[in-house]
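Engineer: The lines below spell out each chain.
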Amino acid sequence: MDCYSFDRIMSDYIDANLSVKQRQEANEHLSVCKRCSAKLADMKNILAEMKTLKITTSSDFESRLMDCIKNSKERKESRFIRLFQEHSRPISVIAAVFLLVATSIFVYTSVVIPNASGSLPAAEIRTTAPVNNNMQAPVNVAASAKPALSSSRAKSTLPDTNKVELPNYNQQIMTVNKNK
Amino acid sequence: MYKDKIKYTDEELVKRFQEGDERAYIELVKRYKDRLLNFVFRYLNSFEQSEDVVQDTLMKLYTSAHMYREIAKFSTWIFTIAANLAKSELRRQKRRRTISIHTMGYDNKEYEIPSDDYSPERETTSNYGEKQIQQAIDTLPDQFKTVIILREVQQLSYEEISQILNISIGTVKSRINRGRLRLQKMLKELKEQ
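Just so you know, the sequences run in chain order A and B. Take 8 as the starting number for the first sequence in the working numbering and just add one per residue. Take 230 as the starting number for the second sequence in the working numbering and just add one per residue.
Derived by calculation from the structure, the hints in this document are not laboratory data. Errors might be hidden in some of the hints.
What the hints assert, rightly or not - Quick list of the computed label-pair ranges, beta carbon to beta carbon:
1. R89(A) <-> D367(B): 41 to 49 Å
2. S293(B) <-> Q31(A): 44 to 52 Å
3. K51(A) <-> S293(B): 35 to 43 Å
4. R71(A) <-> M296(B): 45 to 53 Å
Just so you know, even glycine gets a beta-carbon here, dropped at the ideal spot from N, CA and C.
With the sequences and hints as input, model every part of the structure.
Structural biologist: Listed below in structure tokens is the structure:
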């Protein structure tokens with residue numbers, strides 16, 4: 008090992024990060040090279056001194072920190088209150104509008120939409136006689152769903168082929184009632 | 230303040246603070262204020278500014294403790310915050326110095342802004358004094374300076390330094406080696422002056 012190589016591994020030598028073989032080579036070099044031995048001793052000295060470097064905070068550091076935290080908390084709270092006080096009118100207006108919109112949406116979804124879907128376009132559904140008496144009628148669900156969901160304006164746009172022929176259940180019910 | 234200090238690890242204290250125990254925060258402040266100052270001061274070489282940075286770090290701990298997850302050690306987390314704040318402060322300092330040099334006239338030869346707000350004169354028994362070591366640290370480029378302070382002053386492991394600086398352990402080792410050699414060279418020059 009030469010001096011240049013030792014320089015490169017000196018740090019690992021100090022921190023004991025070398026393999027047994029590398030350490031042995033370094034030790035052999037140190038035993039013959041006064042320059043590297045002196046450099047290593049000097050480096051160890053510097054590092055030992057650096058470990059002793061200590062500095063402490065001022066005696067009032069903690070109280071200043073706590074004051075700082077307290078102030079920032081108060082500032083945060085007062086900022087929110089001030090913001091509300093300064094802009095109370097627009098905030099109230101926005102809140103009222105929001106409430107109105109929310110109520111409208113609620114009313115529309117809970118009252119208007121169920122009614123709209125409930126009123127089936129009766130004219131579109133052509134009733135037919137039941138195929139048999141045990142009320143088993145083949146119904147095209149997909150096809151029947153379409154006119155039920157669509158609004159009344161679909162009446163004019165839908166071609167005749169899309170019209171669903173449902174069995175006449177009313178007639179069946181009436182027959183059953185008569186039999187009773 | 231907790232009487233049974235040894236009972237709680239840093240991580241347990243943070244957890245308690247996250248749950249709303251303010252005494253745990255105070256205990257953490259007591260444990261870390263000087264360690265953080267020692268690190269930041271070696272970096273900035275200005276006592277007042279270093280105290281401000283430590284205060285900001287501990288404020289951040291107060292406001293962002295909920296961000297801490299027990300994946301990393303608490304010391305790594307808090308030193309990462311302090312290192313970032315110290316770096317920002319150093320950048321600001323450099324910008325300020327550049328501006329002040331630009332605004333100076335040709336007659337004004339005082340380009341160096343000495344750091345005179347804290348000058349520990351304590352000389353150790355060995356070859357180099359604290360002042361000389363601090364001067365030598367100041368001359369190191371940032372990338373070496375941080376690893377050297379974290380390793381030699383704070384006594385952190387390679388792994389912890391690697392996590393704080395978000396660099397590989399190989400890079401940490403290489404920077405420590407090069408940083409130490411530069412520091413030694415600089416101290417030798419200062420001694421010969």
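Engineer: Is it true that R89(A) and D367(B) lie within 41 to 49 Å of each other by Cβ?
Structural biologist: Taking Cβ atoms as reference, R89(A) and D367(B) lie about 45 Å apart, which means the hint holds.
Engineer: Is the distance from the Cβ of R71(A) to the Cβ of M296(B) consistent with 45 to 53 Å?
Structural biologist: With Cβ atoms ~24 Å apart, the hint is violated.
Engineer: Has the hinted range 44 to 52 Å been met by the Cβ atoms of S293(B) and Q31(A)?
Structural biologist: holds (50 Å)
Engineer: Do the beta carbons of K51(A) and S293(B) sit within 35 to 43 Å of each other?
Structural biologist: For S293(B) against K51(A), whose Cβ atoms are near 40 Å apart, the range 35 to 43 Å holds.
Going down the numbered hints, you'll see the structure goes against just number 4.
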